[in-house]
Amino acid sequence: DSGVTQTPKHLITATGQRVTLRCSPRSGDLSVYWYQQSLDQGLQFLIQYYNGEERAKGNILERFSAQQFPDLHSELNLSSLELGDSALYFCASGPGSPDNEQFFGPGTRLTVL
Amino acid sequence: ILNVEQSPQSLHVQEGDSTNFTCSFPSSNFYALHWYRWETAKSPEALFVMTLNGDEKKKGRISATLNTKEGYSYLYIKGSQPEDSATYLCAFLNSGYALNFGKGTSLLVTP
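For the protein sequence lines, the chains are A and B, in the order given. Per my numbering, residue 1 is the first one in the first sequence, and the count goes up by one each step. Per my numbering, residue 1001 is the first one in the second sequence, and the count goes up by one each step.
These are calculated hints, taken from the structure and not from any lab test. Quick caveat, the model's predicted, so the values are computed rather than measured. You may find that some hints are simply not true.
[What the hints assert, rightly or not] Capping the alpha-carbon separation at 20 Å, the derived lysine to any residue pairs in SDA-like fashion look like this:
(1) Lys57/A to Leu88/A
(2) Lys9/A to Thr1068/B
(3) Lys1058/B to Asn100/A
(4) Lys1042/B to Ala87/A
(5) Lys1042/B to Lys57/A
(6) Lys1059/B to Asp99/A
(7) Lys9/A to Gly28/A
(8) Lys1059/B to Gly1079/B
(9) Lys1103/B to Leu39/A
(10) Lys9/A to Ala1041/B
(11) Lys1042/B to Thr111/A
(12) Lys57/A to Lys9/A
(13) Lys1042/B to Gln41/A
(14) Lys1103/B to Ala87/A
(15) Lys9/A to Asp99/A
(16) Lys1059/B to Thr1022/B
(17) Lys1103/B to Glu75/A
(18) Lys1103/B to Pro95/A
(19) Lys1078/B to Ser1018/B
(20) Lys9/A to Gly96/A
(21) Lys1103/B to Tyr1076/B
(22) Lys1057/B to Thr1068/B
(23) Lys57/A to Glu75/A
Produce the entire structure from the sequences given, and follow the hints as far as they go.
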């Protein structure tokens, strides 16, 4: 158990809908990272937050947004969902320095029908 | 997106065999190289973070080396055990903050 929690574990929704994925980092970690794992793709970095502020952005679609709250939990919002958004979404946390390891949560499996 | 290549894509060895995998990454603007182990139905777990050229790290039977000038890292497993079966991911970090992951090497160790 990494200490990172993610909810929900599974989510099934329809195209065009909007969903929110939630992540609570390990105690003491200031940084949260979001990743997407699609079929046949490696882990793709989406976005990083550090102590409430956006720090780095990857190939995150404009339909997706995230935020980190004062209690350091983070939410990833996915809107106007398409079939291709079906994936495993991981949240990871860490102290925030790039040369620190990241601790991954169990992931949220999103299925868009 | 920075290209991180891992080889082989998959590997099947017998218990007791030693094995190694390769991670290739761009050699410019190097900052760090991460190795993660990902077991089926679990989440990736950090093995090593390496930052210096020539770095060697070890954790039990698993070790890793780093060559930043030529852009590669090797992961070695000595005396593979069935519980080592997993996908091994490497991730490259350049001067930014985003980890660029390879697609992984899938290792199967059979008794």
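Verification of the supplied hints:
1. Lys57/A to Leu88/A: holds, 18 Å
2. Lys9/A to Thr1068/B: It is violated: about 38 Å lies between the C-alpha atoms, which goes past 20 Å.
3. Lys1058/B to Asn100/A: holds, 16 Å
4. Lys1042/B to Ala87/A: Holds. Lys1042/B to Ala87/A sits at ~15 Å (cutoff 20 Å).
5. Lys1042/B to Lys57/A: Distance ~25 Å between Lys1042/B and Lys57/A Cα, so the pair is violated.
6. Lys1059/B to Asp99/A: Distance ~18 Å between Lys1059/B and Asp99/A Cα, so the pair holds.
7. Lys9/A to Gly28/A: Judged against 20 Å, a Cα distance of about 23 Å means the pair is violated.
8. Lys1059/B to Gly1079/B: The hint holds at about 13 Å.
9. Lys1103/B to Leu39/A: The hint holds at about 11 Å.
10. Lys9/A to Ala1041/B: Judged against 20 Å, a Cα distance of about 12 Å means the pair holds.
11. Lys1042/B to Thr111/A: holds, 18 Å
12. Lys57/A to Lys9/A: violated, 24 Å
13. Lys1042/B to Gln41/A: holds, 17 Å
14. Lys1103/B to Ala87/A: Holds - the C-alpha atoms of Ala87/A and Lys1103/B are around 15 Å apart, at most 20 Å.
15. Lys9/A to Asp99/A: Violated: Lys9/A and Asp99/A sit about 29 Å apart, past 20 Å.
16. Lys1059/B to Thr1022/B: holds, 18 Å
17. Lys1103/B to Glu75/A: violated, 26 Å
18. Lys1103/B to Pro95/A: violated, 25 Å
19. Lys1078/B to Ser1018/B: holds, 4 Å
20. Lys9/A to Gly96/A: violated, 25 Å
21. Lys1103/B to Tyr1076/B: Holds. Lys1103/B to Tyr1076/B sits at ~18 Å (cutoff 20 Å).
22. Lys1057/B to Thr1068/B: holds, 15 Å
23. Lys57/A to Glu75/A: Holds - the C-alpha atoms of Glu75/A and Lys57/A are around 15 Å apart, at most 20 Å.
Taken one by one, the earlier hints fail for this structure at numbers 2, 5, 7, 12, 15, 17, 18, 20, listed in ascending order.
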